[in-house]
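Visitor: Here's the letter readout for the chains.
Number of protein chains: 2
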Amino acid sequence: MRAEIIAVGTELLTPSRLDTNSLFITRRLNECGLRVMRKFVVGDRQEEIRGALEMALQESEVVLTIGGLGPTHDDITREVVSAALGRDLALDDALVNGLKTRFRRAGYQLTDNNLRQARVPEGAEPLVNPNGSAPGLFLKEGKALLFLLPGPPRELEPMMDQVMECIRKHKQVSQTFHRRLKVASQSESVVDAAVGPIYKSYPQIETTILSSPGILELLFYWVGEADQEMAEGQLEELQSRLADQLGDSVFTDQEEGLEEVVGRILRESGQSVATAESCTGGLMGKMLTDVPGSSEYYQGGVVCYSNSLKVDLLGVDRDSLERHGAVSQPVAQQMAVGIRESTGADFGLSVTGIAGPDGGTSEKPVGLVFIGLSHDKDTQVQEERFPGSREAIRMRASWHALDWLRRTVLTS
Amino acid sequence: MRAEIIAVGTELLTPSRLDTNSLFITRRLNECGLRVMRKFVVGDRQEEIRGALEMALQESEVVLTIGGLGPTHDDITREVVSAALGRDLALDDALVNGLKTRFRRAGYQLTDNNLRQARVPEGAEPLVNPNGSAPGLFLKEGKALLFLLPGPPRELEPMMDQVMECIRKHKQVSQTFHRRLKVASQSESVVDAAVGPIYKSYPQIETTILSSPGILELLFYWVGEADQEMAEGQLEELQSRLADQLGDSVFTDQEEGLEEVVGRILRESGQSVATAESCTGGLMGKMLTDVPGSSEYYQGGVVCYSNSLKVDLLGVDRDSLERHGAVSQPVAQQMAVGIRESTGADFGLSVTGIAGPDGGTSEKPVGLVFIGLSHDKDTQVQEERFPGSREAIRMRASWHALDWLRRTVLTS
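Taken in order, these protein sequences are the chains called A and B.
Numbering (our numbering) for the first sequence: -14 to 397.
Numbering (our numbering) for the second sequence: -14 to 397.
In isolation and in its complexed conformation, chain A is listed as follows:
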């Protein structure tokens, strides 16, 4: 069953702003087998909103508009939709009272502009917006279900539960079947070559590889008829064959980040980590502390961007720095040992490298990174060459280090 999304807002046509709501909406729609087949982004202009709406309603069973329900003069989605469908707008008493209460409580005056938000097209049902003054709207138009939703994510996201309920009530939707695998420390081409021959034997499963620097996500969607037993069985079989093939580079089959997995594994094993970062400049610490409660297993660390900090705070010896340079095996080794010893953490994790764009030589090119991992019995260093921009190299180096920590904790 097909769905379409129309994001409304002139700011979404500037060089600095993207519609991101459609990602959240797509995830929810996919839950009940709806596939998003097209997205429009249009400005706050009557002709474009109307054109997109007519095109979408012709072809899709579910259509959602995002934005343009606010109180200001450029918010016109409600009015344009009503006009396009030939439905009159009338004030809804319950919505008017709700707005009055809301404004009284906040100590603001209710203006005529705000009252526009209580207008409802003939035959439409309001959707409750717990976090804002603009209610959503639900309309049936021919075979299509049409939803008008507000633009701010914190208003829109909780309202998607009501949308899903309406869809389930009015359409014969299927459950959808999907699986995922997330992989670190592997290039897309290696993963592609490994999985290509396997997933070709599952013609009813569609595979997508989403890549970001250092992390790959493999998504498997069942696209055939929805026979639950068969779909689940085949998805599980494909997933487990691929997991075997990809080995310990698979870090989860759930919707969670590597930083969360690392945190969980450390917490479960009762161990802690400290970091010593040169080229990543704090990124690895930032990733670890993106997880609430990370203080349980992350002590902190040192960002030793200058050589003197490597010596003063981590005890790297000057001789190694002079003979081998800051980007070298011995320095990565001493950084990892130094941060472990000075913090008393179970693991010391270090990164030193050349993130570019300048500073590379033929011997030590941009992308060369040494990663050190130290625990009480052993300290090892990996030498890696990461492709991409400064940002990508720093991301890859950080994820690679965290993934090595994960594999080490799991096997130690």
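Be aware that one or more of the hints could be misleading.
No copy labels: a pair is met if it fits in one copy or bridges any two.
Subject to a maximum C-alpha distance of 25 Å in a straight line, what follows is the list of computed SDA-like cross-link-like pairs (lysine to any residue) [said to hold, decoys possible]: (1) Lys185 <-> Thr96; (2) Lys128 <-> Arg35; (3) Lys128 <-> Glu32; (4) Lys128 <-> Glu110.
The hints are simulated quantities; they were obtained by calculation from the structure and are not laboratory data.
Following the hints, complete the assembly by docking chain B onto the known chain A.
Guide: Okay, now just chain B, sitting in the frame of chain A:
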């Protein structure tokens, strides 16, 4: 003059992937006065590509498609466009030779699939792709200029120069006039209230405020007839009135980030900074080192996520931690002094706070952050309360600290 963008790719309709190329394209098109009036995102499917193309060509003078020019079976943009416009596809000898050379050098075999990339619709001109095997294409269709571009950003972005040249050659485009101001350490509502009364007196200037946690960007576009002298004069007047109103919270009128401005100011003054981060966990160091060459003025620092690291690496006294807690004025003060003294940097910058979502109390709620700034003559601490999610609080705290450093260096 209006432009439209059609992004092609089934992966762009999944819950995890957005078309980001259109931001770059929009920025370039705006340079010559072209406004993007609509964006489509469609899958690799004939009907949707064709539908979007026909709708766009009817209404816009410049249409760009992104993606679907690759060698695999799901890349069909070239073929669908040719069919929709009724133009035959023929192999272009120069492109065939280019592909042969490219593949021979890389040691790969040229397959029939790859050869498809050398096919050109009747009357189209190829656009050189320096970073990939898929050439772009330029076609005139009625009053419209149509460009087919490859999807990978590193291929597409350099090709936009050729696109801009074609547009300037075939269309009477105007120069466009715009200005910007970037602001830190201010909330959107404060900025909105300050600038609202001023920009109302410039009806021919459209103002957009782009906000991200901790940073606001004000964009001013001239939307009237393009009389250069008048446009530039009014934009400059508006910009300078707003800059006066917003004072030293304006950190640039250029397209540069706060981390770059801080870096430039430190470099120019020959001074350096070191950081002591608790709740931001390395984010501030990451931001500073996003700038190539930041080692000139950033020495590094300590991520003291645990209390013991605050004591051991920064010399915070245990008594202060016990009496006032880690999130307190005295601890922020001692962290700033400690990192400055242990590194010898000119400035020590510290952050300690409660990023949430848990860990807040009525006395010390989520969002409470102390920021310390120390130099040889003085150490000061600011107490702030930042709204939003864990991520937003960490961003706001980091930008606020960097902005305070900027203002201090400028006036010291």
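Visitor: Any hints from earlier that this structure breaks? Give me their numbers in increasing order, please.
Guide: When the structure is compared with the hints, none of them turns out to be violated.
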